[in-house]
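Chemist: If you read the sequences in order, they're chains A and B.
Taking my numbering as reference, the numbering of the first sequence is continuous, increasing by one, and the terminal residue is 172.
Taking my numbering as reference, the numbering of the second sequence is continuous, increasing by one, and the terminal residue is 303.
Among the hints, erroneous ones may be present.
[Said to hold, decoys possible] Using 20 Å as the maximum straight-line C-alpha spacing, the simulated SDA-like pairs for lysine to any residue come out as follows: (1) B/K196 - B/V238; (2) B/K196 - A/T132; (3) B/K147 - A/V94; (4) B/K58 - A/T132; (5) B/K38 - A/V94; (6) A/K25 - B/R138; (7) B/K147 - A/L23; (8) B/K232 - B/G248.
[As the list claims (entries may be wrong)] Output of the computed footprint for chain A on chain B, the stretches with three or more beta carbons under 8 Å from beta carbons of chain A: (9) 50-58; (10) 161-173; (11) 210-218.
[Said to hold, decoys possible] Computed list of chain A residues with no C-beta within reach of chain B, every gap over 12 Å: (12) V6; (13) N9; (14) I11; (15) R12; (16) L16; (17) F22; (18) F41; (19) L43; (20) P46; (21) L53; (22) L72; (23) C79; (24) M110; (25) G111; (26) F157; (27) E163.
Keep in mind that the hints were calculated from the coordinates and are not lab data.
Please read these numbers as outputs of a predicted model, since none were measured by experiment.
Cβ coordinates follow ideal geometry from the N, Cα and C atoms, glycine included.
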Amino acid sequence: MGRVVITNSIRFLLLIATQVFLLKNIGYYNLSIPYLYILFILILPFGIPNGLLFLFAFLTGLTIDVFYDTLGLNAAACTVMAFVRIVFINLTVQRDGFDNEPEPSLGIMGFRWFIFYAFILTFSHHFILFTFENFKFTEIGYNLIRVILSTLFTVFLMLITEFAFFRKKVR
Amino acid sequence: MRNLWLFISKYNAFFLLIIFFTISLILLIKNNSYQRASVWNSSNQLIGRSYERVNEISSYLTLGKTNDSLAAENAKLRNQLATSFKSDSIKQITVRDTTLKQQYTYTVARVINNSVHQKNNYLTINRGTKHGIAKGMGVTSAKGIVGIVLNVNENFATIRSLLHTETKVSANVNGNIGSLVWGDGNYDPRFAYLKDIQSHLIIKKGARVVTSEFSLFPEGTNIGYVAESRAKDGDNSLDIKVKLDTDFATLQYVYVINNLLSAEQLSLEAQNKVE
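From just these sequences and the hints, can you work out the full model?
Modeler: This is how it looks when you write it as structure tokens:
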């Protein structure tokens, strides 16, 4: 239990720092903008209670918002993503498997499952984020292009991170 | 009652979503209102400090470029020195000139946080009330205008960049006055649009765009040059695309402009409202 808390805290700090100090300056004009920090919410352990998951998602979003001067925007997107995560995991993972599969990371769940999971969650996050940032319907086409290109960028970075840092499960 | 409780606990994820999503939306909408809470943004002490630390390191990477631009500016200023003009007359008469009174003073500041990829971009600088910065002052770089001071605390100030949907600057092209906007359909940090120029006028590509006397910048401050000018269908104003002089992506040093006469002007204009 203690180890899980420490690992996740370190992960949180590293991902927020990377997002705020490095990735904030990266982007293909305004079309493709990476938001790698959501990886923290993606790979929180399976056993986490729903209330705690929502609280963490909200606080993570809020932390990013304070740095980005967009109070509430990332928090809203992260909350919606937490809900999508609960629904997706309920549909695809058996409950009794939680003991031997601690967290939904690439090494543990396999490439096919993870890439599908990452795409669905990232898309929901980016869709809410860019729609609420824009807040009008007149630029919906432009907005969708932004969402799709940013999703591709973010998922690409997630895969790189997962391959670099997370070991394969020893069976 | 028990059934209701069971229902809520069975679908707790959905109810939690509604609670947290509502909190986020309230924050988002409150924050977008005109009087935004100035505590929760990057002029906040803790966040300002951490940006400053990182900026100290990252500014080393652009030292070469910054040096070049400072050297170029020094050369430009040197050209204006009295010693660089040769006097032809033999007898010199000193005239004490009281017709010119200083109206603008400049404070140099370093950009410690910057963004160009958002829909509404802000900058943070390492100067605050301690250094005489106040809300509403104009900000320029060595090349052209940058934005308007939005929030100030003791050591830091946030600037609403020109790359913001609500920033409008009164601009002058060949003596015609229009308003410069950004973010209405274009999100390219290199270009802005000039509106409200009558369509019968001919604005050539390459014409200089400078601030007009109605803006809070000194009259004639550089903005950029016309990159494209064409008539819009069904509209009697031209659609002018302006290439900005300021390179927002690599901004390092900016100048905050203090208009010494602005208090006088504002108090005079306030009298009109009373009557």
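Chemist: Now tell me if each hint is right for this structure.
Modeler: Here is what the structure says about each hint:
Taking the CA atoms of B/K196 and B/V238, the gap is about 13 Å. The hint holds against a cut of 20 Å. About 24 Å separates the Cα atoms of B/K196 and A/T132, which puts this hinted pair outside 20 Å; it is violated. Our distance criterion of 20 Å between C-alpha atoms is broken by B/K147 and A/V94, whose separation comes to about 38 Å. A C-alpha spacing of about 17 Å is found between B/K58 and A/T132, which places the hinted pair at or below 20 Å, so the restraint holds.
The suggested pairing of B/K38 with A/V94 holds, with an alpha-carbon distance near 18 Å, which does not exceed 20 Å. For the given pair, A/K25 sits about 19 Å from B/R138 by alpha-carbon distance, which is consistent with the 20 Å threshold. For a cut-off of 20 Å, the pair hint linking B/K147 to A/L23 stands: about 19 Å separates their Cα positions. This hinted pair checks out: B/K232 and B/G248 have alpha carbons roughly 19 Å apart, not beyond 20 Å.
Three residues within the 8 Å Cβ limit are the bar, and the segment 50-58 of chain B against chain A gives 8, so the coverage statement holds. Restraint check on the segment 161-173 of chain B versus chain A: 0 residues with Cβ-Cβ distances below 8 Å, three needed, restraint violated. With 4 residues having a Cβ less than 8 Å from any Cβ of chain A, the segment 210-218 of chain B passes the three-residue criterion, so the hint holds. Separation of A/V6 from chain B is adequate, the least Cβ-Cβ distance of about 21 Å exceeding the 12 Å criterion.
With a closest Cβ-Cβ approach of about 19 Å to chain B, A/N9 is found to remain outside the 12 Å limit, as its non-interface label requires. With a least CB separation of 18 Å from chain B, A/I11 remains clear of the 12 Å interface cut-off, as annotated. Remark: the non-interface label on A/R12 is consistent with the geometry, its nearest Cβ contact in chain B lying 19 Å away (cut-off 12 Å). Once the 12 Å rule is applied to beta carbons, A/L16 is consistent with being away from chain B; the minimum gap is 16 Å.
With a cut of 12 Å on Cβ distances, A/F22 falls inside the contact zone with chain B, its closest approach being about 5 Å. Under the 12 Å C-beta cut-off, the non-interface status given to A/F41 relative to chain B holds; the minimum distance is some 16 Å. Every beta carbon of chain B lies more than 12 Å from that of A/L43, the smallest distance being close to 16 Å; the non-interface claim holds. Every beta carbon of chain B lies more than 12 Å from that of A/P46, the smallest distance being close to 16 Å; the non-interface claim holds.
Interface exclusion of A/L53 from chain B breaks down, the closest Cβ pair being 10 Å apart, not more than 12 Å. The non-interface label for A/L72 is inconsistent with chain B: the shortest C-beta to C-beta separation is roughly 4 Å, within 12 Å. The beta carbon of A/C79 sits about 8 Å from the closest Cβ of chain B, which is not more than 12 Å, so the claim that it is off the interface is violated. No beta-carbon of chain B comes within 12 Å of the beta-carbon of A/M110; the shortest separation is about 21 Å.
Listed as outside the interface, A/G111 is consistent with that label: its C-beta sits roughly 25 Å from the nearest C-beta of chain B, beyond the 12 Å cut-off. With a minimum CB-CB distance of about 17 Å to chain B, A/F157 clears the 12 Å threshold, and the non-interface call stands. Every Cβ of chain B is farther than 12 Å from the Cβ of A/E163; the closest lies at roughly 25 Å, confirming the non-interface assignment.
The structure fails to meet hints 2, 3, 10, 17, 21, 22, 23 from the earlier list, while all remaining hints are met.
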